[in-house]
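Asks: Residue numbers (my numbering), protein chains in the order written: chain A, 1 to 241; chain B, 242 to 502; chain C, 503 to 787.
No wet-lab data here; the hints were simulated from the structure. Every residue, glycine too, gets a C-beta built ideally from N, C-alpha and C. Honestly, I wouldn't trust all of these hints.
Claimed, not checked - In silico contact screen, one side only, chain C against chain B (beta carbon under 8 Å); selected entries:
| # | residue |
| --- | --- |
| 1 | 658 |
| 2 | 666 |
| 3 | 672 |
| 4 | 673 |
| 5 | 739 |
Unchecked claim - Here are some chain C residues pointing at chain B (derived, C-beta under 10 Å):
| # | residue |
| --- | --- |
| 6 | 555 |
| 7 | 557 |
| 8 | 645 |
| 9 | 648 |
| 10 | 649 |
| 11 | 652 |
| 12 | 657 |
| 13 | 659 |
| 14 | 663 |
| 15 | 668 |
| 16 | 669 |
| 17 | 735 |
| 18 | 737 |
| 19 | 784 |
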Amino acid sequence: MHSTQPALRVSGLTKSFVVHAHGDLALPVLRDVALAVSPGECLALVGPSGAGKSTLLRALYGNYRADAGSIRVRQDDRWTELVGAEPRTVLDVRHRTMGFVSQFLRVIPRVAAVDLVAEPLVRRGVDAAEARQRAEFLLGMLGIPARLWALPPATFSGGEQQRVNIARSLIVDYPVLLLDEPTASLDAANRDGVVELICQRRNAGAAIVGIFHDAAVRDAVATRIHEVVPPPIASGVPHAH
Amino acid sequence: MNGASETPLLSARSVTKRFGGRIACRDVSFDLWPGEVLGIVGESGSGKTTLLNCLAGRLAPDEGSVAYESAAAGSVDVHRLSEARRRLLARTEWGFVNQDAREGLRMGVSAGANIGERLMAVGARHYGNIRGAAADWLSRVEIEADRLDDRPIDFSGGMRQRLQIARNLVSNPRLVFMDEPTGGLDVSVQARILDLLRGLVEGLHLSAVLVTHDLGVARLLTHRLMVMQGGAVVEEGLTDQVLDDPQHAYTQMLVASILPV
Amino acid sequence: MPDTSIPDTGIQDPAYNYAYLDEQTKRMIRRAILKAVAVPGYQVPFGGREMPLPYGWGTGGIQVTAAIVGQADTLKVIDQGADDTTNAVSIRRFFARVADVATTTATQDATIIQTRHRVPETPLREGQILVFQVPIPEPLRMLEPRETETRTLHALSEYGVMQVSLYESIARHGRIAKTYNYPVLVNGRYIMSPSPIPKFDNPKLDRSPALQLYGAGREKRIYAVPPYTPVKSLDFDDHPFEIETWSECCELCGSRESFLDEMIVDDQGKRLFVCSDTDYCEGRR
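So that you can see chain A by itself, here it is in the shape it has in the complex:
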């Protein structure tokens, strides 16, 4: 039904955090990570807290910098390498191919919720009125009451902000989706709406990588599991060069 060729392919992904304030202390976080996700798949990252799941997800998006390895995304019938790529390449991939749902909404002052959600569509050239319609539809689907649509989300509850966040990230049909604990701050009722949305996207052919701390949510959306293990720490504290 969907292409069996992966939409996202990762190999040899390695990353350490170097905290210079602590005497250049190097904390290895990812070592030689490899995975592949195909359209219609939802890969759930599992592992203990602090194992590097969130770091891996952010590294896939280019939000965290990989030290070594390869992250390739299928775009325009070609593989685009993201590790070491120029900023405009990563921005182009984020614009057209890869979406990211973070745990927290980054609030922009003064901008109404509906406009925040519509923005990714407007940026792609969609007519402003049509974009706003689709934004309202999504917000409605996620249970945000209409009276909140024209307000900036700064005063919303955590759950409301997160649903605005999800709507903004999912309004565009990205072929690749990265989800970082998308239902963390939601109650059961709202959670179901989000799960429904994710499954819809998955079934429509999106390749998804996600972190779902709630087992029920994970069972509903994931088609595969990927275990993330923290890299071994050597006996002495390693320093960066």
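Add chains B and C to chain A, keeping to what the hints say.
Replies: Relative to the frame of chain A, chains B and C by itself:
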């Protein structure tokens, strides 16, 4: 914005500027692509404003070059241009938003005249049309229409800054340089101007080089970031990456220094 | 011009050179004049000398006239159109004495006409020279106080600031409110101040058969408009340049075509309009 453009809009190669024995800005190189907003952050004395002035043709670098891909004439070396052509470029294809709006405005003439000047400078001779264009831009920067004939000397700081933005954008520039565009303004006023800039930059597909010491402004407005310390670029990359995963010691210190609200 | 290097016995006071200025100074001023004529409307700096009257009284015009006058010339001097005001009389007498030159009040008989703030109503002809007294030669001075910057603006033909001032005038007054010293574009290149003549006189400058010389003594600049040069008053397409009109005519000669001065003739405030150009008015009576 897509990655299909073949030539960068602005290219800096090894730009170096000294003041006497002091190096203000050292060996800076980068390419700016159409539709990108590049932020240059650093603390006072980092060389960011010197760099901006070298890029915008206001200061001649001691070494290195700045190339601009102009609409009509292809690639030009900004500092090899005649003064006449450089000034023409600055009035038509470029914009420069100063931190202090007074430096970028004629304080003694009306808002309408301020906005209309660039049009008149390239030959516009119909008063009604000029006035209409000025009124249109006034509304786009959210200044009330009845202030068209008022002079910026009677405006608040935020209004002056918005007027300066309008004055720059009326000529549909392709590249806008901004030096701390919200510096010194109240927080709520800042928010309004940042929102305006965000909308205009995206709506008009502007490219921009923005100097700021405020990482929040950088996060909001820029796609890419260059961090300067002591005249040198110590880190560069995607804005969110530089701010969320800083590699260099100085960048890490900067990010950690932001006061939480 | 006659050879003025040989002192003429017609001059009463041997302590002064012909036309007051020494020969080197006259040569320097003539060089400036030649440059000015070669680049119409461009302000040429010159080494202005101390003259026997203060700045603001026509020293620039006098130096230009002194450099070009010869014994074969006939000189007319007017001040706001009148031959008989104190200053016009003083300057005319000055040249009669130091240059032994014939003087006249009749415009058509003069070869050189030195004027303060007016152009004669009688049309000028080829061979006549009109010398203007100029207080501030820089037309952009009120908009841009820096001399370094105005020189650059002229050099680069960056005249947006002048158009801005006209825009501002319309915004404030509903029309271009400048009525004298109205800026003009000379030969399609330089913006020039025609001196504080009323805008009524601006059309007379356009393609005039006479040579126009402008002298500013305090600012030490000379500029010129050669004969038959286009001189265009600045305006907007939808606010075109217009000269003044009066509903009255001249009380003395009945003219409806000349520039009229308004005179208050008694303590009750009775007003009369009379021609500003005394020679023109007399010629019609």
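Asks: Looking back at the numbered hints, which does the structure fail to meet, lowest number first?
Replies: When the structure is compared with the hints, numbers 6, 7, 9, 10, 11, 17 and 19 turn out to be violated.
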